[in-house]
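**Q** For reference, the chains in residue letters:
Number of protein chains: 4
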Amino acid sequence: MSQRVAFIGVGNMGAGMAANQVKAGRAVTAFDLSSAALDKAVAAGCKPAGSVAEAVADAEVVITMLPAGKHVRQVYEHDILPNAPKGALLIDCSTIDVDSARAVGEMATGFRFGDAPVSGGIMAADAGTLAFMVGCDEADYPAFEAALTPMARVVFHAGALGSGQAAKICNNMLLGVSMLGVCESLALAEKLGLDPTRFFDIASKSSGQCWSLTSYCPWPGPVEAAPSNRGYNGGFLTALMLKDLKLAQEAAAKAGAATPMGAQAEALYQLFDGLGYGQKDFSAMLQLMRGKLDELA
Amino acid sequence: MSQRVAFIGVGNMGAGMAANQVKAGRAVTAFDLSSAALDKAVAAGCKPAGSVAEAVADAEVVITMLPAGKHVRQVYEHDILPNAPKGALLIDCSTIDVDSARAVGEMATGFRFGDAPVSGGIMAADAGTLAFMVGCDEADYPAFEAALTPMARVVFHAGALGSGQAAKICNNMLLGVSMLGVCESLALAEKLGLDPTRFFDIASKSSGQCWSLTSYCPWPGPVEAAPSNRGYNGGFLTALMLKDLKLAQEAAAKAGAATPMGAQAEALYQLFDGLGYGQKDFSAMLQLMRGKLDELA
Amino acid sequence: MSQRVAFIGVGNMGAGMAANQVKAGRAVTAFDLSSAALDKAVAAGCKPAGSVAEAVADAEVVITMLPAGKHVRQVYEHDILPNAPKGALLIDCSTIDVDSARAVGEMATGFRFGDAPVSGGIMAADAGTLAFMVGCDEADYPAFEAALTPMARVVFHAGALGSGQAAKICNNMLLGVSMLGVCESLALAEKLGLDPTRFFDIASKSSGQCWSLTSYCPWPGPVEAAPSNRGYNGGFLTALMLKDLKLAQEAAAKAGAATPMGAQAEALYQLFDGLGYGQKDFSAMLQLMRGKLDELA
Amino acid sequence: MSQRVAFIGVGNMGAGMAANQVKAGRAVTAFDLSSAALDKAVAAGCKPAGSVAEAVADAEVVITMLPAGKHVRQVYEHDILPNAPKGALLIDCSTIDVDSARAVGEMATGFRFGDAPVSGGIMAADAGTLAFMVGCDEADYPAFEAALTPMARVVFHAGALGSGQAAKICNNMLLGVSMLGVCESLALAEKLGLDPTRFFDIASKSSGQCWSLTSYCPWPGPVEAAPSNRGYNGGFLTALMLKDLKLAQEAAAKAGAATPMGAQAEALYQLFDGLGYGQKDFSAMLQLMRGKLDELA
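Protein chains in written order, with the working numbering: chain A, 1311 to 1607; chain B, 1311 to 1607; chain C, 1311 to 1607; chain D, 1311 to 1607.
No lab work stands behind these hints, which were simulated from the structure alone. Hints are not guaranteed to be accurate.
Since copy identity is lost for identical chains, a pair holds within one copy or between any two.
[Claimed, not checked] 25 Å max Cα-Cα, derived DMTMM-like pairs, lysine to aspartate or glutamate:
#1 Lys1564 - Asp1409
#2 Lys1380 - Asp1409
#3 Lys1380 - Glu1416
#4 Lys1333 - Asp1349
#5 Lys1515 - Glu1455
#6 Lys1396 - Glu1534
#7 Lys1553 - Asp1409
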């Protein structure tokens, strides 16, 4: 008999993730506050539920994909923990603050809870090629990995409760910093009369190499799949990068960590978002550095 | 008959480079203001010269490896250009400002001049595994490549005159920025209770991947060859990274390029250098971010 | 008959504040979790209470001076609001996040609540020369002003609920930024061979003039009362400036405000705090900029 | 008989300055590469010269007001020093790099040379209310002061040769940093629902007080004379603030001074200039922070 999965939150990301659980042969019951989202999940083979309580009532695995820490805290406290069967595997795939992840995990006595934020956007959610960073007890990790596999390109065990969120924000802070470094060096190359695509070739094989450059080049041309080749549309939105940078700064402030470059990255993405470019891919920052915002029209 | 090479400046870096020219069967005449440096070059098979003029008198290739733009300008204006045979291949391997490279190239009428700064430290100079970024006329590039090959792991043609220096500082600015991003994310991971080596494993395969992390990890352990495993000694000194970041900022200021992260990187490395850590590898910045300067004693 | 004041939190700051209420002829009932603190308040003429509930039971004015938003939320929700007489004037003088101030104010139906954080340290608290920035209804402001006057050099009405905290963190963010600007310009002057005290004289009368320079000069000498003249001890501690900068960054992140210099100031003070200088006056940052941490031993 | 003054460079700033020398009864001979500028100086009572050599031939005082260090070096080396009478008082009022000022001073053997950059714009130049910061020998200072007085609101002796330029860039770096702090705090106040003019009132009397706020408020309203009240036109142009911040960064790089906030200010003003706002007053940065560039149309 197939494993019973409750999926709470089947929006942009959750839709594809739930569909991949269905494709893996699992019996998925879905819930979303938006009936349009829920209808889409039903079309993908999920069974609809009228409430979170109903969705989780006999679930073996509960997966949540929600916007922010407060939603996760609330739905766990009021809906999931009182209604899910004890012993169920509870997986929060939302990207939220470390404190909320830990607070929910501590509330979840009698359950196996893990924080498992994802890396990768809507296309990866649809394709089942997300990366998961899981914070959970060592002993429970194989169960989390098995539950996540249908949605994943790779699953990492980051460590104990909260470590999934920590890994996500540390990685994305580094990503934000290196993307800005890439944008600035490309803009500087151009101003110095050095062909940016030639610089791409050189830096890709030198000590400046980084994923932001070699897999996601903000200069149109060198990396065909990069959003820079389609008007900086789609991809990883500035608004989402900003959200992650804020989570990183919030965590750093609470933990007493000094992150001058991370702080600067947050400020620059906030500036860019404030200028109205939140819905552009985060590599569009190149055009701010070049003083060419008109190319983002 | 073997090619005649004049090598001006056989200090820390130049010594190994000249020796590799000798090993490649070239007739190398060396000059250095330091007689100790010159003696070492002679021991490696170079013929000593009493002056730059004497060294370049019948050279087919002249290679310079000097500390800063003013030295390069001076030695070319007063010693090399008046004395080297017309048509000789003149290669400046120093890391200097773009303007000086261009000024020297423009003075060098009747010669083939190229700026060809290197990436890689003393060990790479000795081993003949440097990376060269060459700025020169397209037509002359094959000659430059052939001349540099005995000292190189790889030779890039960056573009026209000055492009070699431009490529070097753009790459190293990106390197400085990403290294700081790596240091901050490792320090944040630690404060959040996420094992930094686990973070290394995850980020190395995620969007945070960069050379600073995967080939030069500032956290001791994951990358065996990294300076972090030998007390941050050797490697790429903070003082040299700072020099390159200053060249990048100087070039950006002249060109009117906005480089907020590059500027911040320069300021942080200046702070670190000011605290007395200029002779530590540039990845030692991790310990400033961790508030653990005592680990650098 | 004298006005009845309940004072909750009579620690470093609260002690002097409560004493000044006593001196103004008010009947002050004090409470603190620390019996040592409470004893000190009693010595200054306060009547001790065994609990917050007891302290506020018949108060006309309740003043709270607590460490952080969570303490304020908790003590208001559980102790003050259920026990204070309806209509009482509730004044929170703690420096906390804007959201908590607003949340408490919204809970306080049937009361007149205001957020009234202070500017000035322990000495000003003792001397009754604090500055208060009050967020409250326009109509209630005269009552707040009258209640605060015995502790104040000046009382400002910043605007509606939450505006007191907003004014405090905006002011202190500006203070943190300008202090860093002052430290950097003094350190640069020194390196350029310009006597810092001469620079003080000039900038004090020029467009660089700011309170951080002219009233609090971090270079020993020009401003006699400044902490720089007594080893950077006392004054406004780095740890407290850091707390305020974090509140500012938290508020900016929530509000979507771009504050690149404020973010940088927070990062630099975090770095300084992480190096162990949290208990030094915030002008001690000069010594980090000069690379002279040994002068803070 | 009146004192003979040669004035080299009578453009935007120099025109008014030369006119004030005439008004003080001095015999002014002017030179400028632009004949239109020279005509204007003649209209103000100057005698025209056909060359620098002619202008300085019998001068007692030579005043230069030129765009950059290279112009100053050149005109002193080739035109002034060979032609001016020995013992003449040579005053360079240009804002240039410290090194150039010192280099020219060292060349000027047999003369009394001082660097005396100004603070204040075209209106102050016309009105004779500039501030001068003079770097010169102590013994010569009274002569410099007397020569500058007709053009000045105040004259400061900053110290030995080069100190005038050092004082200017240190002051203006501090100004740039504090202006950004003011812009950010006003933008944050607005987002937090705190009336920016109320914030102005409070901060002006608190520790956030600075000239950028109280004498030059970037928020329209509180300071009537500020450029914010006339569309950010006139005033101290972003392009000129950027020039000074670059001079400060260049000097800091050479001197090995860490100026993280100064570096950030330079980067932000470069970004703003790159977006096309170089000809707006430097307080217009407020609108970038607010994400309201359309208000600068």
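**Q** Each of the hints needs a verdict: does it hold here or not?
**A** Right, here's what the structure says about each hint:
In this homomeric assembly, Lys1564 and Asp1409 come within 25 Å of each other (Cα to Cα) both inside a single copy, at 9 Å, and across copies, at 17 Å. Taking CA atoms no more than 25 Å apart as the test, Lys1380 paired with Asp1409 passes in both settings, with 11 Å inside one copy and 14 Å between copies. For a Cα distance limit of 25 Å, the shortest separation of Lys1380 from Glu1416 qualifies both inside one copy, at 15 Å, and across copies, at 19 Å. Proximity of Lys1333 and Asp1349 under a CA criterion of 25 Å is satisfied intra-copy only: 17 Å inside one chain copy versus 69 Å between copies.
For a Cα distance limit of 25 Å, the shortest separation of Lys1515 from Glu1455 across copies, 17 Å, qualifies, whereas the shortest one inside one copy, 34 Å, does not. With identical chains, the CA atoms of Lys1396 and Glu1534 are never at most 25 Å apart, being 48 Å at best within one copy and 46 Å at best between copies. In this homomeric assembly, Lys1553 and Asp1409 come within 25 Å of each other (Cα to Cα) both inside a single copy, at 16 Å, and across copies, at 19 Å.
Checked against the numbered hints given earlier, the structure breaks only hint 6 and satisfies all the rest.
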